[in-house]
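Residue numbers (the working numbering), protein chains in the order written: chain Y, 70 to 274; chain R, 15 to 353; chain V, 474 to 1108.
Each hint should be verified, as a subset may be incorrect.
[What the hints assert, rightly or not] Computed footprint of chain V on chain R; a stretch qualifies when at least three of its residues, placed anywhere within it, have a C-beta under 8 Å from a C-beta of chain V:
#1 72–86
#2 159–167
#3 339–351
[Said to hold, decoys possible] Under the rule of at most 25 Å between Cα atoms (straight-line distance), these lysine-lysine pairs were calculated in the PhoX-like manner:
#4 K828(V) x K908(V)
#5 K494(V) x K1098(V)
#6 K494(V) x K87(Y)
#7 K163(Y) x K1098(V)
#8 K87(Y) x K165(Y)
#9 K908(V) x K796(V)
#10 K494(V) x K513(V)
#11 K260(R) x K154(R)
#12 K87(Y) x K908(V)
#13 K513(V) x K980(V)
#14 K165(Y) x K1098(V)
#15 K87(Y) x K163(Y)
In short, the hints are calculated from the structure, not lab data. Here a beta-carbon is modelled for each residue, glycine too, at the ideal position from N, C-alpha and C.
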Amino acid sequence: MTAPFEIEVVGSVEGLPKSAIGPRSLLWWGTFGFMLIEGTAFLLAAAAYLYLRGQAGGWPPPGDAPPDHLWGAVFTGVAVLSLIPNLWTARMAKQKRALEARWGVLAMTLIAVGLMVVRGFEFAHLNLRWDQDAYGSVTWLMIVLHTTHVVTDLGDTAVLGAWLFSHECGDDQFSDINDNAVYWNFVVLAWLPIYLLVYWGPRWL
Amino acid sequence: MSGRASRIASLFAGLCAASLAGCAGPQSVFSPASDQARWLHGLFGLMLWVCGIAYLLVLAFLAVALWRARGALAETPITEPHDGRLQWGLRAWAALIVAGLLTLAVASFLVDRALAGAEPRGDPSVRVTGQQWWWRIEVKDPASGRWVESANELHLPLNQPTPVEVVSADVIHSFWIPNLSGKIDMVPGRVNRLTITPRQLGWVRGQCAEFCGLQHAQMALDVKVDSPADYAAWVARQAAPAAAPKDPVAARGLALVQDGTCGQCHALRGTAAAARAAPDLTHIAGRRFLAAGAAPLTRGSLQGWIAQPQALKPGAEMPATGLSPRDAEAVAHYLEGLT
Amino acid sequence: MTGAADIHAASDAERCARLAKTWGDAPGLWGFLTTTDHKKIAARYILVAMALLVLDGLLAVDMRLQLAFPAVKRLGPQGFNESFSLHGSSMLFLVSVPVMEAMAIWLVPLMLGQRNMAFPRLNAFSFWMYLGGVLMLWIPHIANVTPDLGWFEYAPLSGPNYAPGHRADVWAQMITFTEVAALAVSVNTFATIMRLRPPGMTLARLPIFLWSMLISALMTIFALPAVMLVTSMLITDRLVGTHFFDPAVGGDVLLFQHLFWFFGHPEVYLIFIPALGFVASIVETFSRRVGFGYVPVVLSLVSIGVLAFGLWVHHMFAVGLPKLGNSFYTAASMAIAVPTGLQIFCWIATIFGGKPVFRTPLLWVIGFIATFVIGGLSGLMTASAPLDLQLTDTYFVVAHLHYVLVGGAMFPLFGAFTFWYPKATGRVMSEAWGKVAFWLILGGFNLGFFPMHILGLMGMPRRIYTYSDAMGWGPLNIVVSIGSVIAAGGAAVFVANALFSYWRGAKAGPDPWGGATLEWATQSPPPAYNFDHIPVVDSLTPLWTQTGPRPVLEGLSLDHRELLLTSPVEAEPDYRQHSPTPSIWPLLAALATSAMFVGSIFSPWALVWGALPVGATITAWFWPKQPRRHLGDKP
């Protein structure tokens, strides 16, 4: 079969590169789209939290205790500090330094595992159950929603790390490392408003 | 094409006009019988005019556009059109739309203010509770200051702004009497209010307007606008205890109601039956309808309902009573006397 | 990799053969299950949605038989409630939105001169998830676990206290399925339109159709999380005893409505906006001129997309919110008439300034204008907070929403179906039968739905399975039922025409209508690789302005799947992206996800254990093919 119309070849794209990193890469746009979706979900959950708070007589409702501070603060501190190795890993990927990037991904995996342990203590010190009242339900909703993102990123980072230690790193993988780091930035930044609402909302917000 | 389009349009105009004449009725926006309903009716009239003119303008422009020229697929398409006049048309069109919208928005705002302004201060004198699938009616007895309970039939005094409080006992319902007012939802956990200023005596009808489960269709409210004297008499009648049985059969009916299953859910003031799960039966025979409009209230329908409630209103909360035909007859006979 | 000399040396026939081999699927069932061809995926979507459209239409006829006369005993309350719940849920979640997405999946790459979507495997996954949603609703229906609480399932009616059994769970999980699918498609469409445009197709030369698909993809991204959130809350209320909607312990039943309508109102527009894209393409082609008012139309689409998120409260005027807020939402809802009205002007002006050719697709657009405008105007009435108190939840709204969704979205869809049918099948649908179907559907629809306005004003509420003779609604209801039967007859003619033309229609050739955009610059039906070369674009209507030989680029591999990526605004060639090959993993991932969703109806632990196979299948899906590294190798 031939083209149904007369054509004139006016150029070639043969010389173009076969991969790109950061916002130039196609996968970055997919990641960005999913971050928009999840960011909207976080915003709406926060809106639901504030809405229920506005409807309630007191916050926390009389008889409920606010969550303990310690483990929430630990999680927040570690998460914010983890941005340093995370950004470093992304920079190594952009510079196509496979050795460093690989160790960076491993470090991020271990940090995420550690954060999951801290998250477990957070749940234990919320001082309320999801089924005792709407305050409990919406608090759990926010933290569970965020935890699913930590788990997703942990899974992704761990698989990426395992792959990097067993395969030769191509250009596409540097792009993957960068996108993975971008996603972790998102997970950490999304946590900050949730942390404020969950831990400070029942106190002075 | 334009001919056919306009023929269709005129068909609808005719259909519309023909049916509007027959649209008045006991449950119709077209027969407003209160201040509130009249304002809304007027607003609807204005909207119909503005929107009707807008629609005719669109159709006229479309007809002209279609009539002007014909083309063929083989023709060379126009890729650099000269649209100076159409550009001006677009601006004029935008101005028209904005003017029309301003008219409608201002009118809507004024009606909203009028509705809010008609609300008297002070406590409501009528409370309606939506329940699957009937209406609990409570009115304040001005004589005693106590709340008097009834069900599925509401009376309102003529020319008096009456604040009505609406609540729900289970799921969301919506309180709607089109001839008297727009609807207001009955939302669990909230108390809503609306005010009705009836201007016309007589019976009208309301119906639940928010889907509330299996028998949403059979949740009607019978409404009567009374003269102030009649209204006071109605309230006094509702406040009175249930009439005593007049004959032995009725007495047996009362005994069955008190000792049998009826009294576990229903209340008959002045008797031992005092449960509040189901409609108050103290003056049931004074009402025009049975089971929230499911049937006109007659001896026959009462007896049928007692024997087989699920046949008349499948899914209704009222269980089969298990009474023998003779017992059911006695109960119906007793209830028939409770005017 | 193919060497440069190799590409140049390849003859036309040889390069086509090599491209066909590279982009083709494996034969047989394996190919069917693994395909990532956007045309095949879209065709499946459209066939499933059309089949459901027929089923939902039959449900509608069934309901109209029940309501044709007072006190009919056919369906009974349970049967009727199931019918309208199934009709509404299926039409909105499984037909209208997915069919518009399917049109995007099929057309966007073709209109961009591309060989596939940005994320082909995600595309396959979307379809399988959508199919899962279809089965999630209809298999329980066969097993008599049909949702029976409407398409909105307000709490607390749908909560644990008033909806025992699993009917409400089925509804909520069906939504989870379809929203996962829809969100995946919208990310895919968004990335495709932003990065896979042909060189020269700057944002200022993006056809209106692609603008409409881009905007509705973005709207999907912002709107659908709300419904996923609210159905998740409903599921946890029912499953693990949370109290989001329980006022006794601090919950709030209106939270459900706020979240639902924050999604629900934009949803209407993300059905309607793609339809405007169809209208733009059809009007332009059959008026034989470039569309009037490109800039106003694009700005209108954008402003509809933005405004759509500021009106959800107009679905809640009767719940008793403060009056001041209601006035704001009245103004915002009315304001949307400005961009919509301007677009209507632009379509008519295009016909006015062109030379209309009265083929069936244009008839559908004329029917769209004449019908949709009635829905828009009745929308103004319902936008007024006080007047809406008389209109909402009555048959007036049933009329309004069908004028908007059928007149505003389905008529353009039928036009689009007729318009692009020859491109998809290589054959043209019968004009004569197309016109018969058009007049039957247009007439039947208006006869069926116009009287509903009056019924609503006469006090007939929505969602009632019966009414008494005394209400006086009988005569108009029989008219409505007759109209709906006529429209159903028209739909049957339409379907028969589509089926018959598939085998017997006149051969189409690449460009039967003299179209303006790139999809007409390839064969009908397009080969697996869509285009032999990369087209270059220099105007909004490239096929009309490029009168000489068409300029193209070459240089993409013939033996590996490659796409040309261009910059997001100016569409400058950027790099060559490897495009994934067919794979079974999207299907397996969808199966694993389905198992997790279905399981979570019964136990919250399904989310934990179900996540493991989901993770495993997704890992396999994305596993890159690179040589293994041996210990001690340099990185």
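Honestly, which of those hints from before does the structure not fit? 2, 3, 9, 11 and 12
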